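Visitor: Each protein sequence line maps, in turn, to chains A and B.
Quick note: the first sequence, position 450, residue 450 per our numbering, numbers continuous.
Quick note: the second sequence, position 368, residue 368 per our numbering, numbers continuous.
None of these hints come from the bench; they were simulated from the model.
Any given hint might turn out to be false.
Copies of the same chain look alike in the list, so a pair counts if it fits in one copy or across any two.
Derived lysine-lysine pairs resembling DSBU-like cross-links, with alpha carbons at most 35 Å apart [as the list claims (entries may be wrong)]:
| hint | residue 1 | residue 2 |
| --- | --- | --- |
| 1 | K455 | K140 |
| 2 | K335 | K395 |
| 3 | K450 | K594 |
| 4 | K151 | K478 |
| 5 | K356 | K559 |
| 6 | K227 | K326 |
| 7 | K594 | K437 |
| 8 | K501 | K335 |
Nothing here was measured: the structure is a model prediction, and the numbers come from that model.
Number of protein chains: 2
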Amino acid sequence: MKRILAVALVAAPLLAAADEGMWTFDAFPSDKVEQKYGFRPTQAWLDHVRLSSARLAGGCSASFVSEGGLVMTNHHCAHECIEQLSTAQKDFVKSGFYAKTLQDEVKCPTIEVNQLVQITDVTQRVRAATKGAEGEAFSKALKAEQARIEKECATSPEVRCDVVTLFEGGVYDLYKYRRFQDVRLVFAPEFAIAFFGGDPDNFMFPRYDLDVSFLRVYEGGKPARMKDWFRWSANGAQAGELTFVSGHPGGTERALTLAQLQYQRDLALPDRLVSLAELRGLLTGFQMLGPEQKRISNAYLFYVENSFKALRGRFLALEDRAFFEKLAQQEQALKAQLATQPSGKEALPAFDAIAKAEDRLRDIRDQLNTLENGFRGELFAMARDLVRGGVERQKPNGERLREFRDSNLPALTQQLFSAAPIYPEFEKLLLTYSLTKLRERLGPDHPAVKQILGKESPAEVAQRAVDGTKLRDVAVRKQLWEGGQAAVAAADDPLLALAAKVDPFARAVRKTYEDEVEAVITKAHERISEARFAAQGRTTYPDATFTLRLSYGAVEGWKEGDRVVDPFTTFAGAFERATGRDPFALPESWIAAKDRLDLQTRLNFVTTNDIIGGNSGSPVVNRNAEIVGLIFDGNIQSLGGEYGFDPALNRAVAVHSDALIEALTKVYRADRLVGELRPGAKGGKTRASK
Amino acid sequence: MKRILAVALVAAPLLAAADEGMWTFDAFPSDKVEQKYGFRPTQAWLDHVRLSSARLAGGCSASFVSEGGLVMTNHHCAHECIEQLSTAQKDFVKSGFYAKTLQDEVKCPTIEVNQLVQITDVTQRVRAATKGAEGEAFSKALKAEQARIEKECATSPEVRCDVVTLFEGGVYDLYKYRRFQDVRLVFAPEFAIAFFGGDPDNFMFPRYDLDVSFLRVYEGGKPARMKDWFRWSANGAQAGELTFVSGHPGGTERALTLAQLQYQRDLALPDRLVSLAELRGLLTGFQMLGPEQKRISNAYLFYVENSFKALRGRFLALEDRAFFEKLAQQEQALKAQLATQPSGKEALPAFDAIAKAEDRLRDIRDQLNTLENGFRGELFAMARDLVRGGVERQKPNGERLREFRDSNLPALTQQLFSAAPIYPEFEKLLLTYSLTKLRERLGPDHPAVKQILGKESPAEVAQRAVDGTKLRDVAVRKQLWEGGQAAVAAADDPLLALAAKVDPFARAVRKTYEDEVEAVITKAHERISEARFAAQGRTTYPDATFTLRLSYGAVEGWKEGDRVVDPFTTFAGAFERATGRDPFALPESWIAAKDRLDLQTRLNFVTTNDIIGGNSGSPVVNRNAEIVGLIFDGNIQSLGGEYGFDPALNRAVAVHSDALIEALTKVYRADRLVGELRPGAKGGKTRASK
């Protein structure tokens with residue numbers, strides 16, 4: 001990737017340029033949109049779009065697309081569910097899935113859907129609670145007040161409440177969601193077309209993917225009734241057309257200070273890339289053991305490869321010296337502006353405080369990345385939740401580790417009590433890997449390593465723990481959770497024993513991190529943000545935080561050197577690119593349907609919308625709030641969007657709405673589904689005639 | 001690793017401090033040694049040590065330890081040979097190897113031993129040939145003159161001649177070697193004790209390894225007769241004693257400019273770490289397929305893990321901001337000194353020229369690292385040598401790719417005609433990996449990728465090429481080599497066809513690299529070196545270049561924070577550390593011999609000698625030029641020695657000479673070998689009584 005930088009970038013934090021911005025719904029710049037595109041979103045329009053948008057709590061976006069609770073998202077967002085519902089005999093990842101009747105829809109074990117119903121500013125309340133506190137005291141006070149606010153709000157398991165930190169602490173908002181935990185699979189195409197081109201084409205364009213799946217939210221065992229949902233556009237996305245993307249960008253780091261950016265570039269990203277690369281190799285090797293090993297590890301391999309490519313894009317963006325220089329200039333400009341005002345001047349030492357906290361992070365990162373964040377695999381995570389849950393739930397709500405706050409328990413127990421299959425062979429692989437890396441990073445003589453491994457090898461410890469545990473049984477997990485600390489202590493389970501051995505070391509480094517790194521950085525950014533608001537007003541958007549955002553843009557290609565990239569691809573292009581070999585093999589169903597398909601139908605397209613990971617599954621809608629596409633990726637240049645948006649090059653990649661209807665109708669004959677998406681319309685030809 | 005920096009480092013390039021330095025034998029600082037240690041090496045002493053030292057051409061050091069051509073080196077230096085001589089039925093890596101009689105000694109298929117017999121300064125001759133030339137013309141003239149000098153010198157296959165670039169082009173020397181290609185395995189212990197502690201303990205100390213193997217050089221089918229060889233010390237290394245290490249440090253980069261260091265830190269090292277990490281995971285997964293897969297890939301996995309850990313140490317050294325700052329200050333100091341003199345001033349633009357060349361390297365690195373340097377596996381390397389060899393050998397000697405110069409052909413054909421076994425399953429794994437990374441880095445639409453893969457997947461291409469090739473047969477390779485270009489073209493071999501497809505793309509990027517990066521950097525460094533000599537004289541040592549160097553130092557531990565690391569470990573320590581689990585499992589032979597062993601015998605020790613990768617297998621000798629130890633590693637801090645030596649922390653790690661005799665005598669009962677090492681002495685107790 002060669003980044004060509006637009007000058008606009010320098011000004012980005014001062015005033016969002018071009019179509020940049022992941023705006024919150026309570027501060028959307030309708031003026032700007034009207035000025036550029038001649039359309040002004042009203043409050044009613046914004047409310048409707050917000051309520052028609054959905055979040056998959058595991059890390060994706062989605063939308064409601066029928067009154068009957070139909071949810072559209074990406075295939076890769078439901079990939080784990082599709083794999084969980086599969087068996088060695090029937091692999092829905094490979095063959096696809098379609099529930100011909102309502103009764104055929106099957107529950108996804110771990111998917112939670114959220115609908116954002118209310119935003120409340122709680123900044124003053126949080127400030128009052130943390131006033132004057134620093135370090136550990138600040139961290140404690142902040143967590144306790146967040147927990148209080150969330151608990152007051154979350155009056156039932158169907159309500160989810162998160163205190164959200166915006167502008168790195170400049171604003172605290174309470175986001176209240178309607179929560180759906182009964183979510184069922186309705187439709188998924190074959191993996192081969194959902195992810196046509198595989199890892200080589202991932203984050204690339206032109207592109208030819210039908211990365212879609214449909215789910216349905218249920219309440220009381222019946223399809224939920226929605227008041228707001230997106231209608232389907234008759235014509236789909238057109239060149240140059242204004243487009244909105246309403247979704248949940250997972251996180252950006254556009255307000256990081258230089259010290260933080262340097263840490264990311266120099267250590268954090270290389271460390272993560274190395275770790276993901278090794279895991280990728282290991283999984284590739286594991287898959288050589290046989291088709292069943294391949295099946296049970298495929299979703300994980302996808303996740304690893306996708307993460308690797310995304311992080312490598314970020315790494316290369318930061319290694320681009322011109323790009324980094326622009327970011328450095330931004331910080332200089334901000335500091336210079338702050339220095340002109342008394343309140344701004346007071347905020348300047350916050351930059352140094354952050355740099356010192358990053359130094360502390362350098363010291364503890366190996367411990368943090370192994371003991372607290374380095375254990376992979378479902379079983380270990382469950383064991384840790386049981387071990388910690390027993391202790392934590394005895395504490396007052398505000399003093400608990402955040403995942404054990406009352407407001408978070410419904411999400412945690414959904415995972416813990418999930419009926420999704422667990423594969424011991426795969427769990428052993430991941431646990432062995434985790435323990436090996438623990439020993440590698442800390443050294444065989446570290447007290448934690450000695451305590452955890454004793455005289456055994458990582459493989460032996462993993463084997464003993466996985467073979468001997470009863471945690472694969474949901475009923476056992478439920479009983480242990482309900483029995484609390486005493487039940488866990490009495491369980492005599494080798495995996496629980498392992499998690500218990502790890503726990504004091506992991507807690508210790510987590511505490512150091514939270515008190516000496518996180519709290520310092522949060523507090524410092526709070527100061528910088530307040531000073532910035534004082535100097536500039538709230539003229540821009542906050543960094544992404546996996547909360548609902550609206551971006552605006554247009555259907556538009558881009559230029560790479562002399563090459564002009566057209567914004568659309570067609571079905572014909574997919575057939576041309578196909579080699580018959582994975583990952584460029586089209587599924588049988590498509591080859592069989594080729595003659596029936598209108599090959600000029602648009603398949604994928606790009607827009608200038610500002611998106612990032614987490615936006616996967618976001619609806620692309622037009623000014624009528626109708627579906628014209630489905631976000632599933634960004635181009636390779638957009639990966640640097642983590643740190644700064646380049647309007648000339650960054651593009652969102654979407655499935656065209658016409659492609660969805662064309663494939664559902666002619667390849668999959670999914671008439672029930674199409675009828676629900678477009679009540680009153682006839683299946684078949686959807687493309688505007690040309 | 002936490003680096004604590006000694007102030008001395010700043011002055012390093014101006015005047016080597018403390019025991020720093022990998023000195024050439026023709027410019028050894030006997031004065032300094034005498035001043036510090038009261039012993040002055042004479043010319044006769046230096047000549048004797050030089051001629052008693054040996055190099056394994058594949059990348060290790062060694063020494064002659066008997067009149068009858070016995071060679072001592074590390075187990076890990078002969079690991080590949082030991083694996084090549086093994087079969088699924090008899091695994092010498094696991095069980096060890098001992099030739100009870102001379103007749104039992106077995107030929108290593110690919111080991112070449114070199115003895116340095118003469119050093120000649122050819123700087124003026126090279127300068128005359130390249131005068132006034134730049135870029136491609138400079139590159140051509142330099143290569144042609146080097147080839148001429150080497151060809152004139154290499155009068156028979158038993159003579160090896162290399163023109164060596166020292167001081168980055170400040171000096172060109174002709175190194176003339178006696179070459180041995182008939183090298184046989186005499187003794188190797190079990191891998192479990194040679195590499196006790198495995199990857200976790202690699203580059204660590206305290207340490208407990210018997211990393212030794214014995215080979216023998218033959219001439220005319222008989223053991224070669226040596227005039228010079230090292231005698232065995234009666235007492236072995238003692239605390240504080242003066243020690244010399246005579247070996248072949250592979251390469252250091254202590255004269256790199258800041259632009260080069262930045263490229264290493266920011267891109268080159270992360271790229272290599274990621275690539276090695278993935279390969280490590282892949283090999284770990286491959287080994288799960290079964291014991292035979294484990295056996296045939298173990299040496300490669302060792303190489304990958306060892307490289308990974310070494311490069312990670314380098315990476316962390318450069319990421320240490322204090323360390324990097326010192327290196328930056330060195331460059332500033334040098335520039336300031338040069339600026340005071342007219343000839344020095346003229347050299348200053350060379351720094352910018354290097355920075356520009358590094359930018360060019362950034363552009364082409366993905367192509368270079370895949371097409372030219374990214375193909376792993378023996379078979380592909382052989383196919384490439386055959387394809388290129390046919391073309392290259394038709395050209396005048398001076399115009400060939402360097403590996404096909406007449407002076408290099410004996411080494412190349414030894415590899416090409418080696419009888420070492422080739423494992424198709426493993427070759428497919430490595431070739432598939434190489435092709436997958438090629439597609440990943442260049443993208444599926446790159447012309448080279450399209451040409452090389454066509455419509456097939458990487459795995460299909462690899463499978464077809466490996467299954468269909470006849471190159472596994474040595475006779476076929478000989479016939480193709482002798483038949484040259486016409487024979488290769490007529491062969492109709494799918495692996496040759498693959499190599500031929502890759503070749504034009506690989507040659508193109510190699511040429512760009514050689515003309516626009518390498519030549520520019522060489523020329524620029526030449527200028528800087530000349531200016532530095534003019535300003536400072538030749539007061540220091542050149543960067544390591546896998547040529548014979550002598551370092552001096554002493555047996556001495558170090559301090560890490562408050563912890564004092566003792567310089568010695570004992571056999572008792574090994575038994576204490578053993579867990580019975582790989583890699584901390586002692587071999588059966590040791591457990592059985594425990595009662596016979598004197599457990600207080602010293603096993604490993606550290607010295608302050610300045611060494612680096614390539615020094616593996618170097619003898620440690622005392623002032624009497626007697627063997628007191630055998631280098632096999634450096635401590636973790638020494639990995640930063642790539643860029644700068646820290647006398648307070650950097651340590652060389654060696655097997656104690658007493659440990660070798662104790663184990664050979666009491667564990668292995670290798671009386672023939674011990675008798676040859678210590679003619680006249682009795683086996684048994686060797687430790688000085690205490």
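Visitor: None of the hints should be skipped; say for each whether it holds.
Guide: Results of checking the hints against the structure:
{"no.": "1", "hint": "K455 <-> K140", "verdict": "neither (39 Å within a copy, 59 Å between copies)"}
{"no.": "2", "hint": "K335 <-> K395", "verdict": "neither (42 Å within a copy, 63 Å between copies)"}
{"no.": "3", "hint": "K450 <-> K594", "verdict": "between (61 Å within a copy, 25 Å between copies)"}
{"no.": "4", "hint": "K151 <-> K478", "verdict": "within (23 Å within a copy, 79 Å between copies)"}
{"no.": "5", "hint": "K356 <-> K559", "verdict": "between (41 Å within a copy, 26 Å between copies)"}
{"no.": "6", "hint": "K227 <-> K326", "verdict": "neither (46 Å within a copy, 66 Å between copies)"}
{"no.": "7", "hint": "K594 <-> K437", "verdict": "between (48 Å within a copy, 32 Å between copies)"}
{"no.": "8", "hint": "K501 <-> K335", "verdict": "neither (46 Å within a copy, 55 Å between copies)"}
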